[in-house]
Amino acid sequence: MDTQTTFQSLRLEKVGRTFGTMNALQDLSLEIKRGEFIALLGPSGCGKSTALNCIAGLLTTTSGSIWLDDKRIDTLAVEDRGFGMVFQNYALFPHMSVRSNIGFGLRMRGLPKADIEKRVDEAIRTVRLESQAHKLPGQLSGGQQQRVAIARAIAIDPPLVLMDEPLSNLDAKLRLEMRREIRRIHKDLGGVTIYVTHDQDEALSLADRIVVLRDGVIRQVGTPEDLYLRPAHIDVAEFMGFRNRFDGTLIGGKTVMPMNGASADFDGTIFEGVAVNTLAVGAVTAAIRPDDLVPVTARAKGIDALVESIEYRGHDFFGTARTEKNIELFFRSDRTLSAGTKIRLGADPAKVLFYNGASV
Amino acid sequence: MNQQSIPLRTRLAAHGIDGVTMLVIPAALLLLALFIYPFSYGFVLSFHPKDGSLFGNYENFFSDPFLYKTIYTTLALAVPVTLLNLIAAVPVAFRVRRMRHQRLITTILVLPITLGTVLVAEGMLNYFGPQGWFIRTLTILGIGSPSSVRLVHNYWGVFLSLVITGFPFTFLLTLSYVSGIDVALENAAATLGARAAARFRTIFLPLLAPGLAITFCLSFVQAYSVFPSAVLLGAPAGPTRVISIAAYQAAFEQYDYSLASAIAMIMGAVQLIVVVGVLLSRNLFYRGPAAGAKG
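Which chain is which? The protein sequence lines are A and B, in order. So that you can map any letter, position 185 of the first sequence is 185 in our numbering, and since no number is skipped, the others follow by simple counting. So that you can map any letter, position 130 of the second sequence is 130 in our numbering, and since no number is skipped, the others follow by simple counting.
In case anyone wonders, no lab produced these hints; they're calculated from the structure. The beta-carbon is built from N, C-alpha and C at its ideal position, and this holds for glycine as well. Don't take every hint at face value.
Examples of chain B residues lying across from chain A (beta carbon under 10 Å, computed) [stated by the list, open to error]:
1. Arg11
2. Ala13
3. His15
4. Leu160
5. Ile164
6. Ala189
7. Ala190
8. Arg195
9. Ala196
10. Ala198
11. Arg199
12. Phe200
13. Ser281
14. Asn283
15. Tyr286
16. Gly288
Some chain B residues near chain A, calculated using beta-carbon distances under 10 Å [what the hints assert, rightly or not]:
17. Glu59
18. Pro80
19. Leu83
20. Arg95
21. Leu185
22. Leu192
23. Thr202
24. Leu207
25. Gly211
26. Pro239
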């Protein structure tokens, strides 16, 4: 097991998987260094679970290869890969006690009994389940079951821990708590964790790097800051909370290079913003977070709309409004506004992102 | 007391007795008329033998080898047949579970149920008979001859017909138990290093055992009450003189309904002992839901 824990990197080279004629995953290439926490993020059907199952070996790949340093692993059977996997529904063995569940992988490896006991104790301590060790999974709460699933996966000391939406069945408070736990366990193990989720908050708070997938293709790979501040693609922007999108035309009559300022005409409303990619003359799309779209005075630049609904969210109010052209807008306000109020919404040009081409 | 003021209807409803409970009445009446009354009647009748003593029939049964040996004869058919069907059904169910055309395969496998035992028996008489295709093929291939291979009018004839008519039933039950086990459990075991054989031994078998016990019981009871194929395909005077034949002869050839009732009671008791024994052994296994989580 020493060779496994001292590996340097996991490499995916043009990994692809088709189901019939559907490309669930295409040319996924990625290099992951030891110690990294990677989140695979995307809406359902984007191929993130397919990618995870291909790495785990539960699905065979239809093209490409996967390497652990210079050892090819995509041709190995699931049981020979030795990766720890945490399933969405936990998949605990219902007829075995917590201890027995956690020791399963070690028993399958034929380790001496004393070793198994020692390592099971260790894993139980890591997930803080000392008092539940002799219960059956059915007697535990959802959060405790989740801990058992994690303990079972890490007890075999895997180079790679794969997690498939592990927190999606927990309530909000427990989810935050388990997030911290998962991060701590990852640090303790020092291997690679690959975490599949559709929740961008989870990905942003947990991961060292996030891989955003859409329709089986990588849209962007980057740190949480990269993705949050400068989503490289309009799809990624939408996923990162840029709920407002406008289709417009570039003003100025010449190409704008990335990171430069630009302005565009959106049905008579002029917005200034920052170009994310190279903007060609013609159609551009603007993306603005609801947080950054706020009511402005009638003399400032902005888009006119009628308030439709507003709700209080602790610090601020968030609302929806509709323009004359029937475009729905999501905005923030520091005071409440009644439905039907006419307002002008504007944004700081540094917070408005421009993408080349129309949004659809 | 305050309790007095709660209407009867509400108090009954709190114990789960309401209008819907009435829907049980027709079935209960039917059960009473068609099962409980005839059973009790037969039970009482079995204690009124022709000789006037209380246990005359039972003494008679257990002292006459021609009668008491039918218990063994029937068990010798029913137990191996049930075990064979069960052992054959498990791997087939595992394979069918993963198939895309599951329904088609299931339909084909289940077809013999719809044919009925008599039709199957008639078919077998022709197919496996001395002039049937099976024996003829063996003869042509030089493997056997009508004199060396006999598959009808003996133990094997009844055995085969019970396998053919019993397998679909056993298979259907087994399939439902096998499909009830969450696929994620197998995947989890595989990622933890368990190979196919180990997965079957450590995950599937313990989770399946209680269901297989139920399947065994139901299939066994069916096989134990074999009658038509034992007469049509067996040697009802000797090797396949099963207990139901003994009861039939007592009732309709000797016109001794009292003895027939006693034989039927003994038949029921033997089934009960086997079923209770198997069901008790079920307690040795985990019997909760076979899913990986609370859901």
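Checked hints:
| no. | hint | verdict |
| --- | --- | --- |
| 1 | Arg11 | 34 Å, violated |
| 2 | Ala13 | 31 Å, violated |
| 3 | His15 | 28 Å, violated |
| 4 | Leu160 | 37 Å, violated |
| 5 | Ile164 | 34 Å, violated |
| 6 | Ala189 | 7 Å, holds |
| 7 | Ala190 | 4 Å, holds |
| 8 | Arg195 | 6 Å, holds |
| 9 | Ala196 | 9 Å, holds |
| 10 | Ala198 | 6 Å, holds |
| 11 | Arg199 | 9 Å, holds |
| 12 | Phe200 | 13 Å, violated |
| 13 | Ser281 | 16 Å, violated |
| 14 | Asn283 | 13 Å, violated |
| 15 | Tyr286 | 3 Å, holds |
| 16 | Gly288 | 5 Å, holds |
| 17 | Glu59 | 48 Å, violated |
| 18 | Pro80 | 29 Å, violated |
| 19 | Leu83 | 24 Å, violated |
| 20 | Arg95 | 19 Å, violated |
| 21 | Leu185 | 5 Å, holds |
| 22 | Leu192 | 4 Å, holds |
| 23 | Thr202 | 8 Å, holds |
| 24 | Leu207 | 6 Å, holds |
| 25 | Gly211 | 13 Å, violated |
| 26 | Pro239 | 43 Å, violated |
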